[in-house]
Amino acid sequence: MFAQELFVGPSVDWFALSPHLVLVGGALLLMVVGSLTPPWPRGLTALSTVMFTAIAAVLSVFIWKDVGSDGPSSIVGGVIAVDRLAVFLTFAILAATALVVLMSDGELRGTDNDGPEIYSLLLVAATGAIVMVGANELIVMFLGLETLSLALYVLAASDRRRSASQESGMKYFILGGLASAFFLYGIALLYGGTRTTSLGEMVTRLQGEVNIGGNDALVLAGIALMLIGFAFKVSAVPFHVWSPDVYQGAPSNITAFMASVGKVAAFGAMLRVLVAALPFYRDDWRPIIWVLAVLSLVVGSLLAVVQTDVKRMLAFSSVSHAGFILVGIEATGWSAGENGMFSSVQSVAVYLGLYSVLVVGSFAVVTVVGRGGDTSLDGFNGLSTRRPTLALALTVFLLAQAGVPFTSGFVAKWGVIQSAVDEGSYWLAVIAMLAAVIAAFLYLRIMVSMWLRPAAESAESVAVPGLSGLAIAVAAIFTLVIGVYPQWVLSMAEGIAAFP
Amino acid sequence: MVAATSTEVAFPLLSMLIVVPVVGALLIAVLSNRRPEYSKLVALLASVGTGALSVWAFVNFDSHSSGFQFTSQHPWIESWGISWHLGIDGISLFLVLLTGVLFPLAIAGIDPHNDDPRRDKPYFAWLLLLEAGVMGSFLSLDLFLFFVFFEIVLVPMYFLIGGWGYEGREYAATKFFLYTMAGSAFMLVSILATVFIARDNGVGKVTFDLIELAEGANFAASTGRWLFFGFAIAFAVKVPIFPLHTWLPDAHTQAPTAGSVVLAGVMLKLGTYGLLRFGLYLFPEASYWSRSLWLTLAVIGIIYGAIAATMQKDLKRLVAYSSVAHLGFIVLGTFAFTSQAVTGSVMQMVNHGVSTGALFLMVGMIYERRHTREISQLKGLQHVAPVFAAAFTVVMLSSIGVPGLNGFVGEYLILIGAFLTARWWVVIAATGVILAALYLLWAYQRVFHGEPDEENSTFAELKIKEGLVLLPFIGVIIFTGVYPKPMLERIEPAVEALIVHVEGRTDFVEPQPAAPVVDTESESHGEEG
Numbered sequence: 001m002f003a004q005e006l007f008v009g010p011s012v013d014w015f016a017l018s019p020h021l022v023l024v025g026g027a028l029l030l031m032v033v034g035s036l037t038p039p040w041p042r043g044l045t046a047l048s049t050v051m052f053t054a055i056a057a058v059l060s061v062f063i064w065k066d067v068g069s070d071g072p073s074s075i076v077g078g079v080i081a082v083d084r085l086a087v088f089l090t091f092a093i094l095a096a097t098a099l100v101v102l103m104s105d106g107e108l109r110g111t112d113n114d115g116p117e118i119y120s121l122l123l124v125a126a127t128g129a130i131v132m133v134g135a136n137e138l139i140v141m142f143l144g145l146e147t148l149s150l151a152l153y154v155l156a157a158s159d160r161r162r163s164a165s166q167e168s169g170m171k172y173f174i175l176g177g178l179a180s181a182f183f184l185y186g187i188a189l190l191y192g193g194t195r196t197t198s199l200g201e202m203v204t205r206l207q208g209e210v211n212i213g214g215n216d217a218l219v220l221a222g223i224a225l226m227l228i229g230f231a232f233k234v235s236a237v238p239f240h241v242w243s244p245d246v247y248q249g250a251p252s253n254i255t256a257f258m259a260s261v262g263k264v265a266a267f268g269a270m271l272r273v274l275v276a277a278l279p280f281y282r283d284d285w286r287p288i289i290w291v292l293a294v295l296s297l298v299v300g301s302l303l304a305v306v307q308t309d310v311k312r313m314l315a316f317s318s319v320s321h322a323g324f325i326l327v328g329i330e331a332t333g334w335s336a337g338e339n340g341m342f343s344s345v346q347s348v349a350v351y352l353g354l355y356s357v358l359v360v361g362s363f364a365v366v367t368v369v370g371r372g373g374d375t376s377l378d379g380f381n382g383l384s385t386r387r388p389t390l391a392l393a394l395t396v397f398l399l400a401q402a403g404v405p406f407t408s409g410f411v412a413k414w415g416v417i418q419s420a421v422d423e424g425s426y427w428l429a430v431i432a433m434l435a436a437v438i439a440a441f442l443y444l445r446i447m448v449s450m451w452l453r454p455a456a457e458s459a460e461s462v463a464v465p466g467l468s469g470l471a472i473a474v475a476a477i478f479t480l481v482i483g484v485y486p487q488w489v490l491s492m493a494e495g496i497a498a499f500p
Numbered sequence: 001m002v003a004a005t006s007t008e009v010a011f012p013l014l015s016m017l018i019v020v021p022v023v024g025a026l027l028i029a030v031l032s033n034r035r036p037e038y039s040k041l042v043a044l045l046a047s048v049g050t051g052a053l054s055v056w057a058f059v060n061f062d063s064h065s066s067g068f069q070f071t072s073q074h075p076w077i078e079s080w081g082i083s084w085h086l087g088i089d090g091i092s093l094f095l096v097l098l099t100g101v102l103f104p105l106a107i108a109g110i111d112p113h114n115d116d117p118r119r120d121k122p123y124f125a126w127l128l129l130l131e132a133g134v135m136g137s138f139l140s141l142d143l144f145l146f147f148v149f150f151e152i153v154l155v156p157m158y159f160l161i162g163g164w165g166y167e168g169r170e171y172a173a174t175k176f177f178l179y180t181m182a183g184s185a186f187m188l189v190s191i192l193a194t195v196f197i198a199r200d201n202g203v204g205k206v207t208f209d210l211i212e213l214a215e216g217a218n219f220a221a222s223t224g225r226w227l228f229f230g231f232a233i234a235f236a237v238k239v240p241i242f243p244l245h246t247w248l249p250d251a252h253t254q255a256p257t258a259g260s261v262v263l264a265g266v267m268l269k270l271g272t273y274g275l276l277r278f279g280l281y282l283f284p285e286a287s288y289w290s291r292s293l294w295l296t297l298a299v300i301g302i303i304y305g306a307i308a309a310t311m312q313k314d315l316k317r318l319v320a321y322s323s324v325a326h327l328g329f330i331v332l333g334t335f336a337f338t339s340q341a342v343t344g345s346v347m348q349m350v351n352h353g354v355s356t357g358a359l360f361l362m363v364g365m366i367y368e369r370r371h372t373r374e375i376s377q378l379k380g381l382q383h384v385a386p387v388f389a390a391a392f393t394v395v396m397l398s399s400i401g402v403p404g405l406n407g408f409v410g411e412y413l414i415l416i417g418a419f420l421t422a423r424w425w426v427v428i429a430a431t432g433v434i435l436a437a438l439y440l441l442w443a444y445q446r447v448f449h450g451e452p453d454e455e456n457s458t459f460a461e462l463k464i465k466e467g468l469v470l471l472p473f474i475g476v477i478i479f480t481g482v483y484p485k486p487m488l489e490r491i492e493p494a495v496e497a498l499i500v501h502v503e504g505r506t507d508f509v510e511p512q513p514a515a516p517v518v519d520t521e522s523e524s525h526g527e528e529g
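If you read the sequences in order, they're chains E and R. When we follow this note's numbering, the leftmost residue of the first sequence carries the number 1, and every step to the right adds one. When we follow this note's numbering, the leftmost residue of the second sequence carries the number 1, and every step to the right adds one.
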């Protein structure tokens, strides 16, 4: 009786939660219906999964409009933020998930994984990612992180035919568990220092400052531990060592998912924690981000160049991209906690959105070419004569990753470098651009083998499954269209830095 | 229809110069693979159309105006203050014209030697995209737009060198791409820093517009110098200025003939043009302050390029090193800051494009016949191909700078103009003219004189088609050499305005020569004398 009086459940704005619900519901539905019915015709599972993401996206559009008219808010007792940043990144996650699902169809067909399980897990992982980017409370953020991670551990190990996949899942699981522990410990210390786990609450407490009983040392230690957790999840150097092995071992479509959705979620959460909850500690975390950014840029690009396996190359190049995003986050540090322009938050969000499509496209081509399991660079020799359109698409993605104009990658890079320069981080900007030149060498190496080297006599013909082709085409067209006309994405990202 | 003020035209002329080649390239891309012969036709039509538009711009250009003409400005990326802003003035006019004329010649006159005719398609598509990129760079009046075009030309050129080049093409293409991209890395940061620092120092808003920045920004001297160097590194790689030139001999030697012609003809000019437009115009103080450095590097380039050219065994490499020397002259003139020298530089950009372009073309013809570029393998070609040798002589003499041909006018103006402000550098640079005669004449002697041995005795004479391609080059070489006035009178107003702009922002005062300023008339006297 006593308890009944005390505990009143928070009112829930179900509509603002609807994208999450659709994805979870879709995952459950696929599992249940899939196990009760005879095998579905080709592509139907994938298409129905895409349909769920599409419904979630449409619902997000309405939420986006509501945020536009009502301003940012938080729901379920203030633990989930409904603001532009969350919805923008939700769009990115949904788009990347849909593309991954499309390319998974071709990858899974004919294997004993061809069923609803993988698709369900992808939807669950996407839900976790969406929770992470919208979490306004550290425990909820951790829940999102674990939902995403657990699904990814299974997905990474899902290719039962290859032991590399098992190894990849195992490595990811152990190291990911360690990182989660750091993250959780960080949350605990932050709670110790501020007596709250809510981001909005935290910033007001820190504003009033530590004399209310807060403890500076605990907060600093908490920030450090949380940054380790985030750095691991975004695979920033020196916490990157797991990513090449895991990326290489996991099935290519799952690698695409990790590199896109995984990064968007981790960076989205990191951005929110640093900018929305800890702006008053910016002088403490900014140098850390600076070092992480420089190390990721330089080490990522240099190590990418010496690889001989395309998946490993792209893994290291994604480390270097993480460095670029960190450049943008470093720039937010200059003005975090101040009123006014937050163009750097926008640029980070835009980078994440554009990069996730780009990287899925790149891995989709790698998936198609390396279906036999061979993703070595030599396997790409002469692709331009065997499959000119595929080679052209990969060239578009690679040029975009290198940041060549008229591609979305250029827009993304320009955005973060612009923020860095605007805030006065000149050297960081210069280092980032030079690292981009080193990384360009890597993309040129892949292009050289596609366009300039003859195909091996024994080279198998490359078959492009229809849905994978669709995913690649959509991603390539998106990359080029945004490159020529970026204005609409940029307008969308305006006002993204308003938190509840 | 030409509107009341000639700077306003009824249709977007300058945008068309960029769009027409792009449309051509897209058309080629969607052409059927089974009819490869159409791709050349489409490429030719698109490039001739662009060329015609550039000639139209030349004819309607108001030669008395120093400002930008035919300007068109449309918002592009409003969130970032970026607009599609194009314009043309006396400095860019002839580079645009050169681009417009060079591409159709390269497309019509040089076959890409594809073993598989289907490979014609991408070849012509890349060439057209290259043309669009080069045009865009010369026309842009917005820093972002310029950077975008400056950077995008790497991609088609990379594929042209890599796909249709000679034995070392992979290495050369990659080196070319990375060198230039490394230079641009500094420029990108500099562009952004310029824009944001200018916002707080006189401009008052975020804009990438070149004119607004150049007229409105008021940088502290040390800031301006840092920013200028960011730009200058990119241009120094592109020119290339010693010691950043090492990509050039490789790229030139390995590129297919059309690639070399375009590379020498217009792409290197992106660097020298950039130094004028984004160096002197945007950062007058920093350019003036650092002039000794540039003059010294230019002179080193002139002497070093000439000596290196003398030592080459490969005819194409020799021409490539001669480019290093010639571009040294252009840089020398640019940083001499007198209107004569700068006018000479602009003129020399065009002259070098014409004469070195023609040289590469003819070296390509030699390679086609003999399948070697080794000087030691060639002998006595004059006996078997006298017309070919005669054409080569004219082009070569123009490159040396013999009076009566175009090279002389430019070099003479540079040297006489720079003599007032950079006397000792000119004294050394003038020896470069002698060295040019040395390496070119010596090469000519080894290749064309003597008795042809067995292999060279079957060297085919100039074909009619080849002659038709060479004719415009030789026509320009002689016409400009004898009558440079149409060029000079269009270049001079813009250059003088630039010098006035520099004078207004530095303590530089243009020294007046004892004799009245050399006008175009006494100039042509000068050569006849």
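Please note: incorrect hints may appear among the correct ones.
Unchecked claim - Residues of chain E clear of chain R, computed beta-carbon distances all greater than 10 Å:
1) Gly77
2) Val203
3) Asp422
4) Ala440
5) Gln487
To be verified - Okay, the calculated bits of chain E under chain R, using three or more residues with CB under 8 Å as the criterion:
6) 412 to 421
7) 431 to 437
8) 489 to 498
These aren't lab readings, by the way, just hints derived from the structure by calculation. Please read all numbers here as calculations on a predicted model, not as lab measurements. Positions of the beta carbon are idealized from the N, C-alpha and C atoms, including for glycine.
Comparing the hints with the structure gives:
Against chain R, the non-interface label of Gly77(E) holds: every CB pair exceeds 10 Å, the least being about 35 Å. No beta-carbon of chain R is positioned within 10 Å of the beta-carbon of Val203(E); the least distance is around 27 Å. At roughly 5 Å, the least C-beta separation between Asp422(E) and chain R is not larger than 10 Å, which violates its mark as non-interface. With a minimum CB-CB distance of about 6 Å to chain R, Ala440(E) fails to clear the 10 Å threshold, and the non-interface call is violated.
Residue-level check failed: Gln487(E) sits 5 Å from the nearest beta carbon of chain R, not beyond 10 Å. Counting residues of the stretch 412 to 421 of chain E whose C-beta lies closer than 8 Å to any C-beta of chain R gives 4; at least three are required, and the coverage claim holds. Counting residues of the stretch 431 to 437 of chain E whose beta-carbon sits less than 8 Å from any beta-carbon of chain R gives 4, enough to reach three: the coverage restraint holds. Counting residues of the stretch 489 to 498 of chain E whose C-beta sits closer than 8 Å to any C-beta of chain R gives 3, which meets the bar of three, so the coverage hint holds.
The structure fails hints 3, 4, 5 (numbered hints given earlier, in ascending order).
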